[in-house]
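S.K.: Just so you know, the protein sequences line up as chains G and W, in that order.
With the first letter of the first sequence counted as 1, position 16 gets the number 1 in the working numbering; the numbers rise by one all the way through.
Going from the second sequence to the working numbering is simple: count from 1 and add 19.
Think of the hints as simulated: they come from the structure by calculation, not from any bench.
Worth double-checking, as some hints may not be accurate.
As the list claims (entries may be wrong) - One side only, chain G facing chain W, incomplete, derived with CB under 10 Å:
| no. | residue |
| --- | --- |
| 1 | ILE(-7) |
| 2 | GLU(-5) |
| 3 | VAL55 |
Stated by the list, open to error - Now the in silico label distances, taken between C-beta atoms and shown as ranges:
| no. | chain 1 | residue 1 | chain 2 | residue 2 | range |
| --- | --- | --- | --- | --- | --- |
| 4 | G | PHE160 | W | LEU76 | 32 to 38 Å |
| 5 | W | SER102 | G | PHE26 | 20 to 26 Å |
| 6 | W | LEU24 | G | MET165 | 27 to 33 Å |
What the hints assert, rightly or not - Beyond 12 Å from chain W on every Cβ pair, some chain G residues (computed):
| no. | residue |
| --- | --- |
| 7 | SER(-13) |
| 8 | ILE(-12) |
| 9 | GLU(-11) |
| 10 | SER156 |
Please read all numbers here as calculations on a predicted model, not as lab measurements.
C-beta: ideal position from N, C-alpha, C; glycine also.
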Amino acid sequence: MSIESQKIIETMQYISFASLVISGIAVFFIPNLKRKIVLLFLLFVSTMMISYVFYSGILIFIVSLSFIFVFALLHLLTVQLSHYGRGSPLLPSDAGPPHSRIITARIINIIIPILLCTGLGYLIYKLIGGYFPADDGVHEIFIIGMEEISGIIFTRYNIIIFLLVAAALISFIWFTVILMTGRKNKGEYNK
Amino acid sequence: MSSELVFYIAMVLFLISVFGLFVSADIVSVFIAYQLMTAAAIINFLNFSVYMETGQLWIKVFLIIGLLTIYLLAFVVFFYIYSNTETLERKTIIKDHRLFRLEKSDWWGEDNI
């Protein structure tokens, strides 16, 4: 691979990692649900960009098909939920706890997870540090295609068994949901 | 980029998602935290698949099948929530879904009722 191509790939890696980290942090501090969904889409695009720069572009085409359905449904749910606003108190203002106490609870709720995550990160850094050998980033590239995937699926039976078990599990949950929803709707119509 | 740097970035993403799981209250944020966790796992798998000599194909096939399963499961869960929520119940869904909640009364034994 030429040096220019390597530089382009490295720049794409930096851009996608930066957008992942920035949108990942921002998504928890933005109160608007619709904005959160936009950031979720940005997260997904960055993840797919990363899979592309790691020479696994086939992930984009196969996984995106299922993600689009999830995203559309989540967007519908968000539109309905955001109609009622967020953080609006259900109780009247005089019945709730005092304002200073709410602020203290919020600060504690943010500080304790930060301390926990920092400690966890330090522990992992200490334990993993020095495990990776010196690396110049130049490797033999192996680009996967649909041919290889279908080849490995049709020759190894344990993948087929995994797929069947996953399909059975998902279908079981799906039909349970459909039946529950149907029963509920039927009960409402009969009223 | 070296594999170590990519691993540390994935670790940071994972820690952000853990932070989000603790802090976020509504179900959309919780799902986004899980999505971040999935992204960190994808990055680690791809990182090791590039820097490994053997087993690259297996990792990618596993990733595709695993991600398809995760998203189908997420679809079913959201369909269930979407189809089973009434107008009044939606307020409770949006209100609180955090994993743990710290308040003074939890530590001081104060009675809230």
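S.K.: Now tell me, hint by hint, if it's right for this structure.
M.R.: Evaluation of the provided hints:
Checking ILE(-7)/G against chain W: minimum C-beta separation of about 13 Å lies over 10 Å; hint violated. With its C-beta approaching chain W no nearer than about 6 Å, GLU(-5)/G sits inside the 10 Å limit, and its interface hint holds. At its closest, the beta carbon of VAL55/G sits 5 Å from a beta carbon of chain W; the interface hint therefore holds under the 10 Å criterion. Distance hint check: the CB atoms of PHE160/G and LEU76/W are about 34 Å apart, consistent with the given range 32 to 38 Å.
The given range of 20 to 26 Å is respected by SER102/W and PHE26/G, whose C-beta atoms sit roughly 23 Å from each other. Distance hint check: the CB atoms of LEU24/W and MET165/G are about 47 Å apart, inconsistent with the given range 27 to 33 Å. Interface exclusion of SER(-13)/G from chain W stands, the closest Cβ pair being 17 Å apart, more than 12 Å. The claim that ILE(-12)/G lies off the interface holds: its Cβ sits roughly 15 Å from the closest Cβ of chain W, which is beyond the 12 Å cut-off.
The claim that GLU(-11)/G is not at the interface with chain W holds, since no C-beta of that chain comes within 12 Å of its own (minimum 16 Å). For SER156/G, the non-interface assignment is contradicted: its Cβ lies about 9 Å from the closest Cβ of chain W, within the 12 Å cut-off.
In summary, the structure is inconsistent with hints 1, 6 and 10 from the numbered list given earlier, while agreeing with the others.
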